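S.K.: Chain B: place on chain A using the hints.
As you go down the protein sequences, you meet chains A and B in turn.
Here the first sequence stands for residues 30 to 889, numbered as in my numbering.
Here the second sequence stands for residues 66 to 306, numbered as in my numbering.
Derived from the structure by calculation, the hints contain no laboratory data.
From a predicted model like this one, the values you see are computed outputs, not experimental measurements.
Mixed in with the good hints, there may be bad ones.
[Unchecked claim] Here are the computed distance ranges between Cβ atoms for each label pair: (1) A/389 with B/293: 55 to 63 Å; (2) B/201 with A/175: 22 to 30 Å; (3) B/189 with A/532: 24 to 32 Å.
[To be verified] Listed below are the simulated BS3-like cross-link pairs for lysine-lysine, each with C-alpha atoms no more than 25 Å apart in a straight line: (4) A/256 with B/300; (5) A/804 with B/103; (6) A/850 with B/185; (7) A/804 with B/185.
Don't be surprised by glycine CBs; every beta carbon is placed ideally from N, CA and C.
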Amino acid sequence: MKKPKKKHEPLLENTPFHRMLSRRSFIKGSAIGGIAVAAGSGLSLNLSALAQTTSAGKSEQGQWIPSTCQGCTSWCSKQVYVQNGRAVKVRGNPRSKVNGSASCPRAHLSLQQVYDPDRIKTPMKRTNPKKGRHEDPKFIPITWDEALNIIADKIMALRAKDESHKYMLMRGRYTYMRDIIYDHMTKIIGSPNNISHSAICAEAEKFGPYYTEGYWDYRQYDVLNTKYILIWGADPLSANRQVSYYTSVWGDVVGKATVAVVEPRLSATASKADEWLPIKPGHDGALAAAIAHTLLTKGLWNKEFVGDFKDGVNRFIAGQEVSESDLQENHTYGLVRWWNLELKHKTPDWASKKTGLPADQIQRIAVGFGQAAPHAISWVGGGPVMQVRGAYTSMICHALNGLTGACDNLGGTLVSNKEYTKHFPEAEEFYDEIAKKGKKFPKIDHRGRKDFPCINAGKPGSAVVTNRAADGILNSDPYDIKVAIAYMNNFAFSCTQPERWERALSKIPFLVHITTNASEFSWFSDILLPNTHHLFEKWGWVKSIGNGYRHVTLMQPVIKPMWESKIDETEIPWLIAEKLARRGFDNLLRYFKTIKDPETGKAPANEKEFALYCVKYTTQNLWDPAKYEGGDSFKSWQEFRRAGVWNSAPYPYRKRWSEMKTKTKKFEFYSETLKAALEEHAKNHTTTVDDVLAVSGYQARGEKAFIPHYEEPSILGDEKDYPFIFVDHKSRLNREGRSANCTWYHEFKDVDPGDEHWDDVAKINPIDAEKLNLKNGDQIRLTSPTGTLECRAKLWEGVRPGTVAKCYGQGHWVYGRVASKVFGKTPRGGNNNDVIPAVYDRLSGSTVRHAATRVKIEKL
Amino acid sequence: MPRYAMVIDLQRCVGCGACSIACRSENNVPDGIYWSNKITETVGKFPHVRYHYIPTLCNHCQYAPCVRGCPTKAMHKLDTGITMHDPKKCIGCKYCEFNCPYGVIYFNWETPHRFWRDEKPVIPGGTASPKELSEKVGGKVIPYYNPDREETSAGIRPKGVVEKCTFCDHRVRKGQLPYCVEACPANARIFGDISNPSSDVSVLLGKHRPFRLREQLGTEPHVFYIREYNPARYKATKGGV
Numbered sequence: 030m031k032k033p034k035k036k037h038e039p040l041l042e043n044t045p046f047h048r049m050l051s052r053r054s055f056i057k058g059s060a061i062g063g064i065a066v067a068a069g070s071g072l073s074l075n076l077s078a079l080a081q082t083t084s085a086g087k088s089e090q091g092q093w094i095p096s097t098c099q100g101c102t103s104w105c106s107k108q109v110y111v112q113n114g115r116a117v118k119v120r121g122n123p124r125s126k127v128n129g130s131a132s133c134p135r136a137h138l139s140l141q142q143v144y145d146p147d148r149i150k151t152p153m154k155r156t157n158p159k160k161g162r163h164e165d166p167k168f169i170p171i172t173w174d175e176a177l178n179i180i181a182d183k184i185m186a187l188r189a190k191d192e193s194h195k196y197m198l199m200r201g202r203y204t205y206m207r208d209i210i211y212d213h214m215t216k217i218i219g220s221p222n223n224i225s226h227s228a229i230c231a232e233a234e235k236f237g238p239y240y241t242e243g244y245w246d247y248r249q250y251d252v253l254n255t256k257y258i259l260i261w262g263a264d265p266l267s268a269n270r271q272v273s274y275y276t277s278v279w280g281d282v283v284g285k286a287t288v289a290v291v292e293p294r295l296s297a298t299a300s301k302a303d304e305w306l307p308i309k310p311g312h313d314g315a316l317a318a319a320i321a322h323t324l325l326t327k328g329l330w331n332k333e334f335v336g337d338f339k340d341g342v343n344r345f346i347a348g349q350e351v352s353e354s355d356l357q358e359n360h361t362y363g364l365v366r367w368w369n370l371e372l373k374h375k376t377p378d379w380a381s382k383k384t385g386l387p388a389d390q391i392q393r394i395a396v397g398f399g400q401a402a403p404h405a406i407s408w409v410g411g412g413p414v415m416q417v418r419g420a421y422t423s424m425i426c427h428a429l430n431g432l433t434g435a436c437d438n439l440g441g442t443l444v445s446n447k448e449y450t451k452h453f454p455e456a457e458e459f460y461d462e463i464a465k466k467g468k469k470f471p472k473i474d475h476r477g478r479k480d481f482p483c484i485n486a487g488k489p490g491s492a493v494v495t496n497r498a499a500d501g502i503l504n505s506d507p508y509d510i511k512v513a514i515a516y517m518n519n520f521a522f523s524c525t526q527p528e529r530w531e532r533a534l535s536k537i538p539f540l541v542h543i544t545t546n547a548s549e550f551s552w553f554s555d556i557l558l559p560n561t562h563h564l565f566e567k568w569g570w571v572k573s574i575g576n577g578y579r580h581v582t583l584m585q586p587v588i589k590p591m592w593e594s595k596i597d598e599t600e601i602p603w604l605i606a607e608k609l610a611r612r613g614f615d616n617l618l619r620y621f622k623t624i625k626d627p628e629t630g631k632a633p634a635n636e637k638e639f640a641l642y643c644v645k646y647t648t649q650n651l652w653d654p655a656k657y658e659g660g661d662s663f664k665s666w667q668e669f670r671r672a673g674v675w676n677s678a679p680y681p682y683r684k685r686w687s688e689m690k691t692k693t694k695k696f697e698f699y700s701e702t703l704k705a706a707l708e709e710h711a712k713n714h715t716t717t718v719d720d721v722l723a724v725s726g727y728q729a730r731g732e733k734a735f736i737p738h739y740e741e742p743s744i745l746g747d748e749k750d751y752p753f754i755f756v757d758h759k760s761r762l763n764r765e766g767r768s769a770n771c772t773w774y775h776e777f778k779d780v781d782p783g784d785e786h787w788d789d790v791a792k793i794n795p796i797d798a799e800k801l802n803l804k805n806g807d808q809i810r811l812t813s814p815t816g817t818l819e820c821r822a823k824l825w826e827g828v829r830p831g832t833v834a835k836c837y838g839q840g841h842w843v844y845g846r847v848a849s850k851v852f853g854k855t856p857r858g859g860n861n862n863d864v865i866p867a868v869y870d871r872l873s874g875s876t877v878r879h880a881a882t883r884v885k886i887e888k889l
Numbered sequence: 066m067p068r069y070a071m072v073i074d075l076q077r078c079v080g081c082g083a084c085s086i087a088c089r090s091e092n093n094v095p096d097g098i099y100w101s102n103k104i105t106e107t108v109g110k111f112p113h114v115r116y117h118y119i120p121t122l123c124n125h126c127q128y129a130p131c132v133r134g135c136p137t138k139a140m141h142k143l144d145t146g147i148t149m150h151d152p153k154k155c156i157g158c159k160y161c162e163f164n165c166p167y168g169v170i171y172f173n174w175e176t177p178h179r180f181w182r183d184e185k186p187v188i189p190g191g192t193a194s195p196k197e198l199s200e201k202v203g204g205k206v207i208p209y210y211n212p213d214r215e216e217t218s219a220g221i222r223p224k225g226v227v228e229k230c231t232f233c234d235h236r237v238r239k240g241q242l243p244y245c246v247e248a249c250p251a252n253a254r255i256f257g258d259i260s261n262p263s264s265d266v267s268v269l270l271g272k273h274r275p276f277r278l279r280e281q282l283g284t285e286p287h288v289f290y291i292r293e294y295n296p297a298r299y300k301a302t303k304g305g306v
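Just chain A, same shape as in the assembly (with noise of 0.2 Å):
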């Protein structure tokens, strides 16, 4: 793609806003000279039928049909714009309760994804065995049946020799069709393991929610109800989640509450915030303990959902312990443990030395968003908690809900409403001897060793440790993979340190990719197979929540699929099964024969009716009104797909209150739910408590361990010969990496604060760019201990002096003509991860993105 001749309008650019704005005479203007004119023929209009007409089907010469987004997790009912097959547009579907008819930038990229001319077209097969990122697989297109008739050849081989369990599910983003190929099909076959991405995401975010409050998923923000906003690296005016509601409401939200924004980048959140927090990475939990020290020594944790002190008396005095009996909590547990082993000397001062950021201001912020309480939100993002240690800091940031009773409150942080599609069949009586021993080996990721307790939701060993996959690969600890099947994701992009997915995917024998571009991960593959886009050709269903409503939204084909497209998750499995059941092996198919269509009762005769009743099946509950159970009601199947969406009654407040699945059933600060998984991970490997915090990572000790607490982070490279903290950051035009090969990406990448358009900057502020004589495009170098990325340079008040901020997004060397600079050879910009070391918040598995290392800058 060639750079267009012209940059913005050179009227316009760097021009200070007070030369093109003039104040002066505007009612004279406009009212005298301004409306004149105007007779003769034409439409009048009447504006407000006008304002009506915004989905005025008739007079188009298409027609919108529902289906949902998956560009970011935000997870939005869409509705596409569709003109003799062809999809032209795509707005937000109105019927959502979530979303409604907002759609955010993102959105629109999608139309250059279904109609990416890289996509592949066809099944491919590697004709050179040789692989590297500098072997080029020399794919050449091979039929379906053939693509299938190898891949069943290969696992019925592993099956053969008794080698189920070197078969591995590698899952990218998914719908929640991804039980048939990534739970059940990998345990048929006689697979432990089915890896998913969930760890390179967010993880660590959910890991303070659930040792707090019992819940391990993401949150909602009532914040039109809310008075106080206080947000922790998220940004949700651009990335995750809710991104389209957000957007819909924030003019309102920020007249009626203060938003304060802690980030070490003016993001686009911070850009229209009432405090900007631009933290020293890595020091978020000092911050937050010194909000709570203020907010308990000032009296102003919210009575009603803590409770208060027997006798009315505020004991919390900075530097002093308080007697547990003297205080009668509420809806917590805990608070005055969490005091005295915590809080108790973490005076705004104190915090002020850790995190850069002043006192005065800290107090302030701490003083106005206790006042604010209960409808004082502490939001959690990514950010703090993607971290080395991230896990202490998630629970110290979120329970801040706690003292402000702002959780499960009008104007608090909320949780999902209940909803009510069904699980696939139970495929238990289809697993053979085979299976049934490959699936008992230990996985790949290494979930649950001393060293990695991963305990999500209360169970030890449980989270997925993505990252770590290529370790386990490389090392074959605990053994080799053979044959891998992967869908939707690009790990060797994607995940931190990706040249070691390079080696790790090129050690496996036979790699099948499932993807819509020939991506980084597929030059390592022997296989590629053409993927639907879930948006326009895919069937499947995701669920998300967001304006105080869940909502089950469809995906559908709203077009034809392009090309040779199959659907990852139902109709490539399904025709697998197929293949293997012709090799003697139909356990597989006679499991997807179990998932009858709802309305007729038939099983499934090929891939198509496959997929579509595997839909109808899970959703029956939501549109069948024989199995009515609540939310929106629907007559049929059809009245259900023409909508495209399912919402939930609205959110019941405070209904938890005292009734959360923590060990207690209250908001803990103590936890005694991390407790008992701490305590139960060391009984598993026979030693202490104290051992696996030693042996992962983290500083705390004793009873400190079930507190919310700070941690000092952990950032790789040295000061002296790596001067500056590398700080990632999302895109507001990312599709989840995935819109670098799309031109409208470059074309507006400036809509991100600090960015440039057609370019990839990493920003650094002014003070530090003199000091290393850079100047503004200036091509330069990042070097961090574990690797280098190429960008250019952008001076920017933005980023806080000592760090450099950069966007993910970019990098590509593979995935398209527009994405890389020279298909296969060259990436276009840098991509962060090769400057970010794969180190992990072990006790949620998480993958670090923040606070991860430094970095030096090199002029080119």
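M.R.: Okay, now just chain B, sitting in the frame of chain A:
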């Protein structure tokens, strides 16, 4: 006869650019050309910094310098106040582009959508060329071509002529809102008849003191801005000496 105007509420605007991308989609606008655009500015020194965003588009001026300078009347005013361009009459002299004080008129220096005319695939046999793809899906040059645009003007403007925002005249005539207005996820754009005192735009302009770009030039822009991109609270102060 209505006189159309747009009010942009900067407090509601989040600077996401959905207006501009949706405009590309609605009007088949080629890369490099921005019917809908923005001015951004980062003010202050760390840590007292904010970033501001003002969406821009053709101002549909009452006294439009682009119209006055056009030697062929290709650039002209509609009865509704919309500044319209007829590519058939355009001789590509670019006077309008030079005369426009807002830089919102673009010249097609090259055959538009060159990307989609490329005939080379990245993996021969395995992927398509852009041209092959667009033809396969039945698009017109671009695969997601919107035929609605043809109703009042060229669906894609040829090389050698200028182009710019038309307030989506092809939609407005059918009683639909301009697509940027409809697509704005923040409801930051309000469109309507400024000659009707009870229209939403008139009500808003009576309630807030608006500003327009370069008002001193007397062009009488019909895109009005209200409120602040960042209405941040601050503690009352008299400053100090």
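S.K.: If a hint holds in the structure, say so; if it doesn't, say that too.
M.R.: Results for each hint:
no.	hint	verdict
1	A/389 with B/293: 55 to 63 Å	violated (25 Å)
2	B/201 with A/175: 22 to 30 Å	holds (23 Å)
3	B/189 with A/532: 24 to 32 Å	holds (28 Å)
4	A/256 with B/300	holds (17 Å)
5	A/804 with B/103	holds (24 Å)
6	A/850 with B/185	holds (15 Å)
7	A/804 with B/185	violated (37 Å)
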